[in-house]
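There are 2 protein chains.
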Amino acid sequence: MQSMSLVVIGSVAYDAIETPHGKCERTLGGSCTYIALSASYFTKTSIVAVVGDDFAAEDRALLASKSVDLDGLEHVPGKTFFWSGAYSADMNDRTTRCTDLNVFAEFNPKLPASYKKEPYLFLGNIQPDLQRGVQRQMNGVRFVGGDTMNYWISQAHDDLLNTIRGWDFLLINDSEARMLAGEYNLRKAADKILDLGPSTLVIKRGEYGAMLVRRDTLFMVPGYLLADVFDPTGAGDCFAGGFVGYLAERGFDLRNGSFDVRELHRAVIYGSVMGSFCCEQFGVERFRTLTREQIDERFGEFRRFTSF
Amino acid sequence: MQSMSLVVIGSVAYDAIETPHGKCERTLGGSCTYIALSASYFTKTSIVAVVGDDFAAEDRALLASKSVDLDGLEHVPGKTFFWSGAYSADMNDRTTRCTDLNVFAEFNPKLPASYKKEPYLFLGNIQPDLQRGVQRQMNGVRFVGGDTMNYWISQAHDDLLNTIRGWDFLLINDSEARMLAGEYNLRKAADKILDLGPSTLVIKRGEYGAMLVRRDTLFMVPGYLLADVFDPTGAGDCFAGGFVGYLAERGFDLRNGSFDVRELHRAVIYGSVMGSFCCEQFGVERFRTLTREQIDERFGEFRRFTSF
Numbered sequence: 003m004q005s006m007s008l009v010v011i012g013s014v015a016y017d018a019i020e021t022p023h024g025k026c027e028r029t030l031g032g033s034c035t036y037i038a039l040s041a042s043y044f045t046k047t048s049i050v051a052v053v054g055d056d057f058a059a060e061d062r063a064l065l066a067s068k069s070v071d072l073d074g075l076e077h078v079p080g081k082t083f084f085w086s087g088a089y090s091a092d093m094n095d096r097t098t099r100c101t102d103l104n105v106f107a108e109f110n111p112k113l114p115a116s117y118k119k120e121p122y123l124f125l126g127n128i129q130p131d132l133q134r135g136v137q138r139q140m141n142g143v144r145f146v147g148g149d150t151m152n153y154w155i156s157q158a159h160d161d162l163l164n165t166i167r168g169w170d171f172l173l174i175n176d177s178e179a180r181m182l183a184g185e186y187n188l189r190k191a192a193d194k195i196l197d198l199g200p201s202t203l204v205i206k207r208g209e210y211g212a213m214l215v216r217r218d219t220l221f222m223v224p225g226y227l228l229a230d231v232f233d234p235t236g237a238g239d240c241f242a243g244g245f246v247g248y249l250a251e252r253g254f255d256l257r258n259g260s261f262d263v264r265e266l267h268r269a270v271i272y273g274s275v276m277g278s279f280c281c282e283q284f285g286v287e288r289f290r291t292l293t294r295e296q297i298d299e300r301f302g303e304f305r306r307f308t309s310f
Numbered sequence: 003m004q005s006m007s008l009v010v011i012g013s014v015a016y017d018a019i020e021t022p023h024g025k026c027e028r029t030l031g032g033s034c035t036y037i038a039l040s041a042s043y044f045t046k047t048s049i050v051a052v053v054g055d056d057f058a059a060e061d062r063a064l065l066a067s068k069s070v071d072l073d074g075l076e077h078v079p080g081k082t083f084f085w086s087g088a089y090s091a092d093m094n095d096r097t098t099r100c101t102d103l104n105v106f107a108e109f110n111p112k113l114p115a116s117y118k119k120e121p122y123l124f125l126g127n128i129q130p131d132l133q134r135g136v137q138r139q140m141n142g143v144r145f146v147g148g149d150t151m152n153y154w155i156s157q158a159h160d161d162l163l164n165t166i167r168g169w170d171f172l173l174i175n176d177s178e179a180r181m182l183a184g185e186y187n188l189r190k191a192a193d194k195i196l197d198l199g200p201s202t203l204v205i206k207r208g209e210y211g212a213m214l215v216r217r218d219t220l221f222m223v224p225g226y227l228l229a230d231v232f233d234p235t236g237a238g239d240c241f242a243g244g245f246v247g248y249l250a251e252r253g254f255d256l257r258n259g260s261f262d263v264r265e266l267h268r269a270v271i272y273g274s275v276m277g278s279f280c281c282e283q284f285g286v287e288r289f290r291t292l293t294r295e296q297i298d299e300r301f302g303e304f305r306r307f308t309s310f
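Going line by line, the protein sequences match chains A and B.
Going by the numbering used here, the letters in the first sequence line up with residues 3 to 310, in that order.
Going by the numbering used here, the letters in the second sequence line up with residues 3 to 310, in that order.
If you're looking for bench data, these hints aren't it; they were derived computationally from the structure.
Just to be clear, a hint being listed does not mean it is correct.
Identical chains blur together in the list; that is why a pair holds if it fits in one copy or across any two.
[Claimed, not checked] Computed cross-link-like contacts, EDC-like style, restricted to lysine to aspartate or glutamate with a CA-CA straight-line distance of at most 16 Å:
{"#": "1", "residue 1": "K194", "residue 2": "D230"}
{"#": "2", "residue 1": "K190", "residue 2": "D230"}
{"#": "3", "residue 1": "K119", "residue 2": "E282"}
{"#": "4", "residue 1": "K119", "residue 2": "E299"}
This one's a predicted model, so the numbers in the text were calculated from it and none came from an experiment.
Same shape as in the complex, but just chain A (with noise of 0.2 Å):
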């Protein structure tokens, strides 16, 4: 198989994290940033997303390190998207304590030309019908899927219906699944999920791991068991790089009647893997020196505690 590459679109933002290890007051951060670091040790991969002229270029030379295209990273007139969170001093809570839209008020993702026939898309958590939008620009896409939040579960609940009516997988959290299917039991609510169009469902469970749901297959995978949880900011996201960029890597294609679900369950692990990998430094700075070898190491590791 060859590999494919790899469009995200999301955000690219400024964070302030309070944690019980420590703050920065400005750390590169947003969906887009996390996802897109996390799937370059896998696949070739390009963003969608917008800056105001704040944006240093040293973030825009941490994307470029790991050879992430940037031709749809849009540079605006204003101040780049910025969000501040504390956690809680056991990390399962995170407190907003603002949120800046900024330039991302009026993204409105254009793709470069380049972009349109690529294989792989990956919508990360904006507005539905822009996610819509989005894919109606791509041509020829082999695997299509993305995220949301509970705002647009909630607010835009038709939108985002219409939206994942034509994605291939959702990767959502288990309160999102629960939410959105209106069904508190996880595998009830997975079944009625996968009524609504996706025919792969991936739930994150955080600390607790992960689940993959699809008619043929169930997996499940418990978290990585980190002895120092430092930073959780941004590690769901790294979660759907992993995912999605190893499937890339690998050329799976899931319109091809003959793919191997075993490559999904890996997929899971790697995840996993890279979320893992996330929470050990603030913010994104885990992948400054983070190798590939380091990757596959840890999945090894997975495999030593999940065989019996």
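Using the hints provided, position chain B relative to the given structure of chain A.
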């Protein structure tokens, strides 16, 4: 390997349970009951417990139908331990409405002579000094461990430490592990607990599964995804019964240098299987119809949904 038989100490009780699925006013319960019913599918199991003169013949008959040895089930004047509790809508919280210790208040376990040479001992959650007293009555035990609870961790801390120092394994839930270690992070908490004596620590995480930690292995498994959690009462005890029962069946001998650590992993799976069945009906009801074949089939399901 030859299978070994098991002695279980704990409570035999009557429970009143209310869940979102319904309620029952009086049903057989207690840690010893659940542990023994669960373990009885794997190995010869003998119990040590106390009941009052209200203990019903049909409840005795249920245990006897699983070939549980009842020589150590003491009948005394008075009422059997009674517990009443109610679950929250999502089943994740439980409120105790009443705990009437009754004859259990004066429980001082005495082992029948025929029990004293059994090789496997599981000490259910009772006062740590009583657990220690039982262990002292045994001769030549090969594998001993048990459970405890938050009450003993806070109210009988030194006593508990003296007790578990002599155990091969400790089987507790995640909040108890955090409390016992004085450490929120589970990986660090587990390391601290391994310094207290038991070479094997099993941490139950409710719907999120379980983990086993030793100096030479780490094993994690997600929880079984039930479409209907009818009543979680006793699930942790059934986990314990499956865990220790499977090891006893296999003749697993930790004190024999050549043991296979993978057997401990499989024991965690059998524990998870038994805990999942327990939740499918009220109280002990599921054990009236459950077969070993169904148990092994679900073990196979665990293998499928965790393989990659």
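Going through the hints against the structure:
{"no.": "1", "hint": "K194 to D230", "in the structure": "between (36 Å within a copy, 15 Å between copies)"}
{"no.": "2", "hint": "K190 to D230", "in the structure": "between (34 Å within a copy, 9 Å between copies)"}
{"no.": "3", "hint": "K119 to E282", "in the structure": "neither (36 Å within a copy, 50 Å between copies)"}
{"no.": "4", "hint": "K119 to E299", "in the structure": "neither (33 Å within a copy, 46 Å between copies)"}
This entry does not satisfy hints 3 and 4, going by the numbered hints stated previously.
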